[in-house]
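S.K.: Next come the chains, spelled out residue by residue.
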Amino acid sequence: MKPDTLVFSWGNPSRGDDALGPLFADAIDALQLPGVECLTDFQLQVEHALDLVGRQRVLFVDASMAAETPFSVKPLSAQRDASFTTHAMTPEAILQVYADTQEGEPPSAWLLGIRGERWELGEAPTRGAMSNLDAAVRWTREWLASG
Amino acid sequence: MSFELETATVASDNLRRVAIDPVSRVEGHGKVTILLDEDNKVHQVRLHIVEFRGFERFIQGRPYWEVPVMVQRLCGICPVSHHLAASKALDVIVGADRLTPTAEKMRRLMHYGQILQSHALHFFHLSSPDLLFGFDSEVAQRNIVGVAAKYPDIAKKGILLRKFGQEVIRHTAGKRVHGTGSVPGGVNKSLSGAERAELLKDAYQMIAWCRDAVKIIKELHEQNPALYDSFGNFPSNFMGMVAPDGSLDLYHGVLRAKDAAGNILFDHVDYQTYDTLITEEVKPWSYMKFPYFTSMGPEQGWYKVGPLARVQNCDSIPTPFAEHERRELVAYAGGKPMHATLGFHWARMIEMLFAAETIKELLHDDDIEGSDLVVTGERRREGVGVIEAPRGTLFHHYQVDDDDLVTMANLIVSTTNNNQAMNTAVREVAKQYLDGKEITEGLLNHIEVAIRAYDPCLSCATHALGKMPLEVTLVDAEGQELDRKYKH
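Which chain is which? The protein sequence lines are A and B, in order.
Just so we're aligned: 0 in my numbering is position 13 of the first sequence, and the numbers increase by one with no gaps anywhere.
Just so we're aligned: 1622 in my numbering is position 145 of the second sequence, and the numbers increase by one with no gaps anywhere.
Take the hints with a grain of salt, since some may be wrong.
[To be verified] Okay, derived cross-link-like pairs now, EDC-like style, lysine to aspartate or glutamate, Cα gap no bigger than 16 angstroms in a straight line:
| hint | chain 1 | residue 1 | chain 2 | residue 2 |
| --- | --- | --- | --- | --- |
| 1 | B | K1813 | B | D1844 |
| 2 | B | K1666 | B | D1679 |
| 3 | B | K1766 | B | D1744 |
| 4 | B | K1837 | B | E1672 |
| 5 | B | K1518 | B | E1481 |
| 6 | B | K1627 | A | E90 |
| 7 | B | K1692 | B | D1878 |
| 8 | B | K1908 | B | D1514 |
| 9 | B | K1633 | A | E90 |
| 10 | B | K1633 | A | E55 |
| 11 | B | K1640 | A | D13 |
| 12 | B | K1652 | A | E90 |
| 13 | B | K1666 | B | D1880 |
| 14 | B | K1914 | B | E1481 |
| 15 | B | K1666 | B | D1792 |
Hints are computed from structural coordinates only; laboratory data are not their basis.
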């Protein structure tokens, strides 16, 4: 039986603030919250639609250039769009692939975008991004506890 | 030196510029610029690599044993290829001239899992929208979500094939991402009986689906030979690795190259000497180098790597279904090398079938449950590792000092090997489809179709939200921006 809540983050740990996704997963995983599973990957890919099967809700998490500081949250709905690249499939498109291939409505989903600034190979995350990460983790603890 | 349409021969201030920045549905950031005159005649076409730097600097100064793990972070699409190419180079450094059977077979299993999942992603989710809907079809439909809506069965198979490949990687590398399975001199785990049984349960279904995939692309060629045989068709040399007996081997072997007519240029070359074969030319307008066979010079010595090169470079494929399909491709091409760009898709599906069959065979081999995992030998200061990654030949070359720190790293990634071929492909397609016509999104997509056939990994760039728009800019002869479109 899969945990009802999936937290799915993505990013490259060695590309500056792109590490926010996997660092977020580490932080939430360490809380060992019942009913919550954390998964992380380099990037969002089509097969991740299968990770959504059997979930009640999903929180997608990525570093973002577009988010407010420290982070932004928005609800997601399945969406057919033209944005697909193999590096940058959107969470909305993942939900749509789920709907098209799993013969059912995808779970409720939200996107948490944590503000980042620098993305160079070999760089550590910036101090500002780490502060944004802390704020995002605090918010997520409350969100997860709210059921 | 400069190729046809690489540099305009009339003053560029009399031309207008079309930029495709970055190319959509390829990994990383790429940009195509096309210079047109007032009659829309094409004068210059360049595929630019916007960001392709820092790999070597990222590696130098690190302890060598860290390298197979850290190089996975160079690329989110093919981390396993870097993991294994680095391991093979470091096998030489630690004096592991012959791995244990368990280690070699575990690595092969990991590698063919990577080939399977990467090729499945490319065909079902990257290229099938173009191939199934047409290059000029409505842009909102021309993506994997459109495929899932209209062809749910194909989309499902693609997802499950990719998932299976990922599971092979997870069991062999030890983790879902950032695996540690391959180490200098061998591996750090073998398969358990349970893991082996879990993978074997699905292996035969995967082979059947791969056969279906070959059938799809073969039928597309047969239904529309006018398109498939002519789109981006240009002669070139081929290079790839083959087993010592000349059969296809994507994990280990010797280097072989053929000319455009299929004649052997070199064969049975030990890849430790790659730097005597290949020179990398630098051009001022691109970060990515342009490799060529040194003995032939830059004008004649450039080459293609990847599926179309490999399937035609080998004498046979050592699994029955894939060998049958290789023969079909050779017969379709009339016994001469196939150079048409869309042939990459056909060859890629043959390789995907080969990977699925190889995975099944390895899972039936008891050595993959063995416990003899690592060997060592006489320590050396330098080593080269080569692997046939999904996109083509991948070179890792390291020098290590007495303190075990990497002092020199040189990587030639598959996409770099194909740099000149990709540039030639976009020039051929621009001449063929854009010359003298009003530029439309559908016509520009023809350029992208040519690039996508090579499955380039342009930079392994970051992919944070908002970092990957597609930008198309049209600028007139005075440098005034006429139009700009984004895709997010």
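S.K.: Among the hints numbered above, which are violated by the structure, and what are their numbers in rising order?
M.R.: 1, 2, 3, 7, 10, 11, 12, 13, 14 and 15
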